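Residue numbers (our numbering), protein chains in the order written: chain S, 1 to 302; chain H, 1 to 688; chain E, 1 to 226.
No lab work stands behind these hints: they were computed from the structure.
Computed from a predicted model, the values in this text were never measured in an experiment.
Wrong hints could be hidden among the right ones.
Said to hold, decoys possible - Here are some chain S residues the structure puts well away from chain H; computed CB gaps all over 10 angstroms: (1) L18; (2) L21; (3) K28; (4) E139; (5) G157; (6) F167; (7) G190; (8) R220; (9) P240; (10) R243; (11) I264.
To be verified - Not close to chain E: a few residues of chain H, all C-beta gaps over 10 angstroms, as computed: (12) D582; (13) G662; (14) I663; (15) I672.
To be verified - Beta-carbon label-pair distances, calculated as ranges: (16) E111(H) - E55(S): 24 to 34 angstroms; (17) R565(H) - I253(S): 29 to 39 angstroms; (18) V267(S) - N382(H): 20 to 30 angstroms; (19) H593(H) - A296(S): 29 to 39 angstroms; (20) R565(H) - Y45(S): 12 to 22 angstroms; (21) G520(H) - E55(S): 53 to 63 angstroms; (22) I563(H) - V33(S): 31 to 41 angstroms; (23) K474(H) - K54(S): 35 to 45 angstroms; (24) A574(H) - T201(S): 16 to 26 angstroms; (25) V33(S) - G522(H): 53 to 63 angstroms.
Quick reminder that beta carbons are idealized off the backbone N, C-alpha and C, glycines included.
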Amino acid sequence: MRFVIGISILNLFVALVLSPLFEGLARKLKALVHSRIGPPVIQPYYDLLKLAGKEDLQPKDMPFARFLPGICFVTVAVAALFVPMGTGRAPLGTAGDSMFFVYIVTLVAVSMIMTAAASENPFAYIGASREVMLQLTVEPVMVIALVTAALNARSFGFGDMVDWYYFSGPSISMIIATISVFLALQAQVGKLPFDMAEAETEIAGGLFIEQSGPKYALLRWTMMAKQVIFASLFVQVFIPWPRTGNLAWDVPIHLAKVLVLVAIISVIDSVNPRLRIDQAVRYYLILVFFSLAGIAFAVIGA
Amino acid sequence: MGPVVFLFIGFLLLVAGAVLVLATHRMRRVCSWLSFSFVLPAAGCFLYLAIRVFTQGSIAMPAPLLVLPGIGASLTVSIDPLSALLLLIVAIISTCTTLFSVKYTLRYQGESLLRYYPFLLLLFASIVGVVCTRDMLFFIAFWEIMTLTSYALVVFERGNTVGLKAGFTYFLVTHIATACLIIAAIMLYIRTPAPHSFAFESLSASLGTLVAAHPGLAHLILALFFIGFITKAGVLPFGFWLPDTYPAAPSGASAAFAGTMTKLGVYGVVRVFCEILPISHHSYVWGQVIAAMGALSIFVGTLSALVQDDSKRLMSFHVIGQIGYMLLGIGLGVFLLPINPPLATIALISGVFHLLNHTMYKSCLFLNAGSILYRTGTRDLNKVGGLLRIMPFTGATAIIASLSIAGLPPFSGFSSKLLIFEASIIGGAGSPLFIVLGLVAIFISAVTLASFLKFLNTAFFGKLYAEGGIGDPKDVPLSMKIPQGVLAFLCILFGVVPLLPIRMIHSAISSILPANYSPGAGSLFGTSMPGFSLDQGQGVFGTWNPLWALIAIAILFAFGFLISRAGVARKREAETWYGGRDHEVEHVRYPSHSFYIPFKQLFSFTLGNTKFEGMYPKSFGLPKLAVPGGLKAVLDIDRWLYYPFVSGFMRLSRRFSRFHVGIPQVYVLWIIMGVIACIIVLFLLPAN
Amino acid sequence: MVESIALGDFIVTLYLIHFGFSLLAAELRNLKWSVAAIVVQSLTLSGILITFANIGSNPSLYWWGFATLGTKVFAIPYLLWLYIRRLPTAETRPWLGTIPSVGVMLVLVVVFYNFLHTHVEFIAPSLEAALEPARSNLALSLTICALGLWVLLVRRDAVKAVIGLVLLENGVHLALVTLAPTLPETTLIGIVTNVIITVWLLLYLAGRIFKVLGTTDTAMLSELKH
């Protein structure tokens, strides 16, 4: 029990406290790619603190509008508790397996969409519509990849999947799944070329156009945490090596892997244009079929 | 008599309520409240019975209520846990929809309540009859009553020609389905050992012998049963009537249909394929067929719903989709029955659990659509917006129900969908078909979410707009709020404590399977309350315990709340920014049809003459049969039989009427002649 | 014997007068004269009744005779007179002209009388009734019945129809003497008063019809529909 609480706090720490750091590193890298100096690495912390003190503009008498950003934040924090970060097991893994994780992440996206919808702005609606379509096509990819792992491991729990993969080594099905999830990561974290939901220049911020002050801070924080969580998921489940069994080593190794992944994401973010939503949808539908091949291989045992 | 007396009390209360409407139908309020006051105790009886069956086992009347010895049918009243589950559903849905209808029918000022409440109450009574009997003939008899009453409810609004046409289609299609049921039942009946009987047990025995001796014939019979039931359930392609029919009925009735009537199709499938069909090779085949049909329904139904702008039509398509989920779970269970009892039990439970959950959230959603219709007078999602400002309670229940149907934790839909997915993936290790179907189900789960986000975003969020004017800025009346609230609460309840309904359904499933066939609930689902960890005997393969998630949520909420209080930001209300100009509402709204345009384009195509919009034909280009003229003349009985007869009769009677000249003397003459005739006759009669 | 013959002659005379005036009542177009004929006819009827009472065994016939004096001779003609005053005195033209009408009536009467006289066994209740004078009485009264019925059926005027009814009733009552020799007086009185009420009602109706339609022509009664 103490173990569970301890690891929970660790997960929350990584997801909430360290995620702005990762975001800062990503921004720094992006600036370097752009031949700029860029902001300091701890800039996101400054941003969040500044936003927390800014004026909070609210649309008139819309019920629940005040709570939705908070719900986003809480949901992403809960999601952090169900993903393994270095230990091979999610802290609340006995309470929810990988399917639950997929849905909790969807719930994060849904809360953000509802936050956008609660404002009356049509830009927000466009952003919401795009976000939904993106989620619609990206989620199957994630799910199919996780199902591949589950079919191989004969279980849906993250712990079982990681153990199985660690011990049985790479296989065709898992490689396909890894590639699929990697390609889906960009959309999940909302970075170019798939950030059409919150396109800064095209639809004036999209989902977040009407958010300001502390609410905006929460939403930005949610996005940062989402990045770390998805990165953790990917590196833990699909690249479980190396693993020492010793907590003191595993967690830093995990964080290092996450850092590398975030860097890669950032580089991709820097060099790509933004796709249109129909292009993105088509891209991911093709990816869905690709990842189905992984399932086929998993079924035949390869 | 025992507890069965409650069943009769409930049934009689419903019938009495239906009859009493005859006396009071002119006084609308009195009639409505009277009906509700009859439904409420009836529902209480059914609820009590259901709880009693779940805690203490099946209830059966030892002797049948009515015996028809010549045919071999006897009305045996028996409530096993599966029936009890449906009784529970009827109890909840009947109270909710009747309470909702009390104020809702005020909208239909021109229509007589005489055509609404009796049929609604008789619908519920007939459903109770269907589930509590173990005799096929009476099953079909009650089924027929159910069909007739639902037809009457569909054509309630007489001015709505589209609805009337839909009702007619519904009538025709369901009667064909019932005919299939009758044929199948009779084919089994004649093969039961003499004396023939319609009881489930004897039909099961005869099907067992058929499976061994004439497998092809057994397949045919099962196909007929299947078609009969899934037409009622609304599974594509047999359920094509559903999207046209459900919107036509008043919302209370639509909610009742979606909540109870479609479930009976699934109930029939469960009864036939788990109980009447013995576990055999046929279970393999039919399990796959059922699951495949379910997946087809899921796929086409939900994708078609994505492009709908009419709120009730959207819901109807989702009914089709969700029924597909149930059939997927049940099909998987039937398939696994011969090979893997634990997983089969889990799969069957998943299907039936989804049935229970779907009742709650789908009825709530139909009531929400009804509330929108009540307040704004339109079902078209393009014409409303931002209703959350004026209907916060309805909006909240709509959000809860939408998230439930999308399968998001911690609501009820997640629990059942999780079970279905995980069972189908793990069970698909033996048959890859189920993996594909499971993936279809998961994909469509996202589509369901998208569809309901569209519903929520256009109807409830956004700028306040109603084309017919907003009118009174109050929410719907309390009597309409309570049912929605109750159903939303149940969605949350079953989501937060899934083990409770799972245990109920486990006892239902294990009671219809052979004895000792399915493992206990503890071994299958683990013993930690309130969540479950699925175990088919090889280790836990899936787990969901809402308790921990809720504790985490609660702690984090407190945390977040503290953080938000720490920052001392000023709050200010401001207008929405539209790019710096003043706009009319219609110009800056984001209406429903703008959502998901790329998807609509992706999934619309034209096959021949029918245009498919979002995978569903826009209009049925039904082939027009050119009937030969002669046949038409023969079939036109009016022309060659009825009209000539009538005109001849009229001519004859006109001739007779000329005898009535109006002159009294003539009448006297007639009398005299009559008397003389009598006398002559009397004289001529032989004196006996 | 002489008394009986004398009585028989008396009765025969009465009968003849009765018969003659019945014919007159039937045929006369002027309603007032028709009513006058009825008066005489009823008078003779009373006379016949009293004579029968004299020779017969039924003492209640006395009562009857005097009762008919009151009702048939006074009351009914008075009622008729009352109503005729408000109505046109000339009867609505019947379908048959006078001479054909009379001819037909005579033929009818003769045939009927002969028929009855010879075949009286059909109707006679007892052997005694088959003998004279009961036999003739029966025949004649029933002939008068038939005559009254004929008038009721054939004449167009409503009041004439009532007169025909009166004739019919008279004939029937006369026949009763033979047919029911032992009737008590209360019955007789009941029978007689019954006729008054019937006649009164019919006359009232005729009067109303006249007020509404302006005519007493029964052929026009269907106009009442409109």
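These are the hints, each one checked on the structure:
1. L18: holds, 17 angstroms
2. L21: L21(S) is indeed farther than 10 angstroms from all Cβ atoms of chain H, at 18 angstroms.
3. K28: holds, 26 angstroms
4. E139: violated, 5 angstroms
5. G157: violated, 6 angstroms
6. F167: holds, 15 angstroms
7. G190: At roughly 17 angstroms from the nearest Cβ of chain H, G190(S) sits farther out than 10 angstroms, so the non-interface label holds.
8. R220: Answer for R220(S): holds, closest chain H Cβ roughly 14 angstroms.
9. P240: holds, 19 angstroms
10. R243: holds, 21 angstroms
11. I264: holds, 26 angstroms
12. D582: holds, 74 angstroms
13. G662: Violated: least Cβ distance 3 angstroms, not greater than 10 angstroms.
14. I663: The claim is violated: I663(H) sits with its nearest Cβ about 5 angstroms from chain E, within 10 angstroms.
15. I672: Not fine: 7 angstroms to the nearest Cβ puts I672(H) too close to chain E.
16. E111(H) - E55(S): 24 to 34 angstroms: violated, 54 angstroms
17. R565(H) - I253(S): 29 to 39 angstroms: With a Cβ separation near 38 angstroms, R565(H) and I253(S) satisfy 29 to 39 angstroms, so the hint holds.
18. V267(S) - N382(H): 20 to 30 angstroms: Violated - the Cβ-Cβ distance for V267(S) and N382(H), about 44 angstroms, lies outside 20 to 30 angstroms.
19. H593(H) - A296(S): 29 to 39 angstroms: holds, 38 angstroms
20. R565(H) - Y45(S): 12 to 22 angstroms: holds, 20 angstroms
21. G520(H) - E55(S): 53 to 63 angstroms: Taking Cβ atoms as reference, G520(H) and E55(S) lie about 60 angstroms apart, which means the hint holds.
22. I563(H) - V33(S): 31 to 41 angstroms: holds, 34 angstroms
23. K474(H) - K54(S): 35 to 45 angstroms: Hint holds: Cβ distance 36 angstroms, inside 35 to 45 angstroms.
24. A574(H) - T201(S): 16 to 26 angstroms: holds, 23 angstroms
25. V33(S) - G522(H): 53 to 63 angstroms: holds, 57 angstroms
In summary, the numbered hints that this structure violates are 4, 5, 13, 14, 15, 16 and 18.
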